[in-house]
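Respectively, the protein sequence lines represent chains G and F. Our numbering numbers the first residue of the first sequence as 630 and each following residue consecutively. Our numbering numbers the first residue of the second sequence as 108 and each following residue consecutively.
Please note that a few of the clues may not be correct.
What the hints assert, rightly or not - Capping the alpha-carbon separation at 25 Å, the derived lysine to any residue pairs in SDA-like fashion look like this:
1) Lys688/G <-> Ile233/F
2) Lys1108/G <-> Asn234/F
3) Lys116/F <-> Gln909/G
4) Lys1108/G <-> Glu763/G
5) Lys242/F <-> Gly1109/G
6) Lys178/F <-> Asn126/F
7) Lys177/F <-> Gln909/G
8) Lys178/F <-> Gly136/F
As the list claims (entries may be wrong) - Selected chain F positions facing chain G (in silico; Cβ < 10 Å):
9) Leu120
10) Ile124
11) Asn125
12) Phe159
13) Gly162
14) Asp215
15) Thr261
16) Ser262
17) Asn291
18) Ala295
19) Asp296
20) Gly299
21) Ala305
22) Thr306
23) Glu309
For the record, the hints were derived by calculation from the structure and aren't laboratory data. Ideal placement from N, C-alpha and C gives every residue a C-beta, glycine not left out.
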Amino acid sequence: MQKGFRRNFDPIRILTDSQVEQLHSSTLQVLDEIGFKYESDRALKVLEERGCIVDHDAKIAKIPPDIVEWAIRKTPSSFMVRARDPEKSIRLGGNTVYFMNSAGARYADVDTGKVSMPTLEQNNEAVIVSDALESVHCFPSYTPYFEIEGVPPVMSCPTSCAQRMRFSTKPSRGAQPTDSFIWETQLAQAVGAQLMGCVEGAAPLSLAEDPCNAAFYYLEAGFPIYIASGSLMGASHPITVAGATVSHNAELLAIIVLLQSIRPGSGVIANNFVSGMNMQTGDLNFGTSAVALHQMAYNQIWHDLYRIPINNTGSAFANSKMIDYQTAAEKLPVAMCSALSGANLIVLHGGITGELAYNPILAVIDDDVAKTIGKIIESFNITDDLIGLDIIRQVGIGGTFLGTKQTRTLWQTEDYMPKVYDKTTYQEWKNTGKKTVIELAREKMEEILATHKPDPLTDQQERDVEKLLREATEYYKNKGLI
Amino acid sequence: MDGILEQLKSMVLDFDINNAEKAAKDAIGAGVDPIEAANALTDGIQIVGDKFGSGELFLPDLVCASEVLKKAFPVINAEIEKRGEKAKSLGKVVLGTVFGDIHNIGKDMVATLLYAAGFEVIDLGINVNSEDFLKAVREESPDILAMSALLTTTSAEQKNVIEGLVKEGLRDRVKVIVGGSPINQEFADLIGADGYGATAPEGVRMVKKFLGIK
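Go ahead and model the full structure; you've got the sequences and the hints to work with.
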């Protein structure tokens, strides 16, 4: 199993106990008084049997507080996601932190910022790169690219899933749109893996038919579920951090009520993907302080009170179109806040240009970012040996620690040295071609592509995957979607 | 009368949504010419729009100002029609989010900004199938058809609608603009759309451009 990073100190708490109670109580009130819309008769039936008050015409279920709290209790505080290679499985929950690859619609050129449709080869190479990066522990759905040249849009999720099964042994998330869950479930099963099945709501306060169907399907397959409700503060959620926290919690808990009503005890990881809104253009506004605060409040509630595994997506993207200082300024503070405040899974590597683009070179740089964050949250140990009073005495006044065994044997574990940041002196930098972090990361990426060979599928698995893709294509052709 | 007209304009500038309908009724009740009342409201939204364009005001301000109009205009327009006249409009726009897609924020913002700018807006909602778009073009004869898609899996629907317009001989009757996160100019050109708006304000600028409005 992948180890991830163990947070060795208590998560940062920004709310008082009374504030947590107030937010939770308000959340229960929203679900009890306003309710939640489920666009699925099958889901509404299950909820009504559970004890929710259902208006079938409006497709709204009002959820009494005791049912919400029952569902929270039923949700395990940790669960395993089985990867194709068991060594790459992950256990989500508690104080372990993993990182998830990000994604983008298209490929962004690092030199020009130009966004273009990636080829299947570019997609596969990006998967291979992330498979090699130690701090990428798992993949989301339709990643690294939402769109692939020559692949009909309705086949992008199943195709993306297949390529991840082929070129990585790490765990993955399954998507939900247009019955893709039917094919992604089978693709994962064909290679002996599980998926985190995505069930994503539409803020405010609703779940469309596709994700309802995905919930039933993934749960029947025995897969854990990744719930989400992407939203914009000031548009689909309240503009206030407090209001957005309540509204968002209500949405996710409403989905959990459905999941636990279908199959009690199912593993769930709850994703926070609340974004700011650019009030000039209406576009998503990444990397803001409100998002960081919202995630921290959310993490505290879900870690301490609900004890349900947490994902944070706030650091997945930047508005910056180039890999530059702004990219880091938009992603890193939010990622750091996530790690410090209780997240179990943080989406980070490779996303740029809003959600519009991805580049594996950025994923390579983000590998160093993730490892730095991971090192920070793992903190440091204090023992008599590590304090080393005898060494301090030995070096004395005006001496050096450089020649000590302690320095020689421990420098690499006491700190993290990034692999692709430029750490040369100015003179060396000049003499070696003035390489930037982008150039160094590009070299690393090329080295990975030349040397890293993910475990291939067996011949039978490859045949099964190919067959499933053909069946999926036929299925969508018969539906008139290709 | 001038005082009442000034009050209507101020109501927009003050984002006084709660009193909008009553203020409109009071104005009509006081004998204010409904066309002049409509002009006062439009003057107000024009100032808000100008301030939005200059960065002094933001989207929430524009949307709130539009909400004032949405409350007041039905009263004003009913009086205009009662007098046998026609409410002014810069043009007619049919818009919706395509089939399979339930995202509505961007579409709603475009609808609001168009309404605020003085267009007649027919919002078909979300998850709108091709046939409903075509039916709306046939029946409403809009100047513009605007389609939103936020998922790459649904953006292809925009192409289906355009192909449907061609097949039914409706393509030349309407300008088509597309928008949504996965959409770009290249895609818009590929599917035969007339225009593409990267943001809601850009979408409105595009509509005005097609209709020759400054």
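Going down the list of hints, with the structure as the test:
1. Lys688/G <-> Ile233/F: holds, 17 Å
2. Lys1108/G <-> Asn234/F: Holds - the C-alpha atoms of Asn234/F and Lys1108/G are around 16 Å apart, at most 25 Å.
3. Lys116/F <-> Gln909/G: holds, 23 Å
4. Lys1108/G <-> Glu763/G: Between Lys1108/G and Glu763/G the Cα gap is close to 41 Å, so the pair fails against 25 Å, i.e. violated.
5. Lys242/F <-> Gly1109/G: holds, 20 Å
6. Lys178/F <-> Asn126/F: holds, 9 Å
7. Lys177/F <-> Gln909/G: Distance of about 22 Å is within 25 Å: holds.
8. Lys178/F <-> Gly136/F: holds, 16 Å
9. Leu120: With Cβ-Cβ at 18 Å, over 10 Å, it is violated.
10. Ile124: violated, 16 Å
11. Asn125: violated, 19 Å
12. Phe159: holds, 8 Å
13. Gly162: Gly162/F check passes; min Cβ-Cβ to chain G is 7 Å, inside 10 Å.
14. Asp215: holds, 8 Å
15. Thr261: holds, 7 Å
16. Ser262: holds, 6 Å
17. Asn291: Asn291/F check passes; min Cβ-Cβ to chain G is 7 Å, inside 10 Å.
18. Ala295: violated, 14 Å
19. Asp296: violated, 13 Å
20. Gly299: With Cβ-Cβ at 17 Å, over 10 Å, it is violated.
21. Ala305: Since chain G brings a Cβ to about 8 Å from Ala305/F, closer than 10 Å, the hint holds.
22. Thr306: holds, 4 Å
23. Glu309: holds, 8 Å
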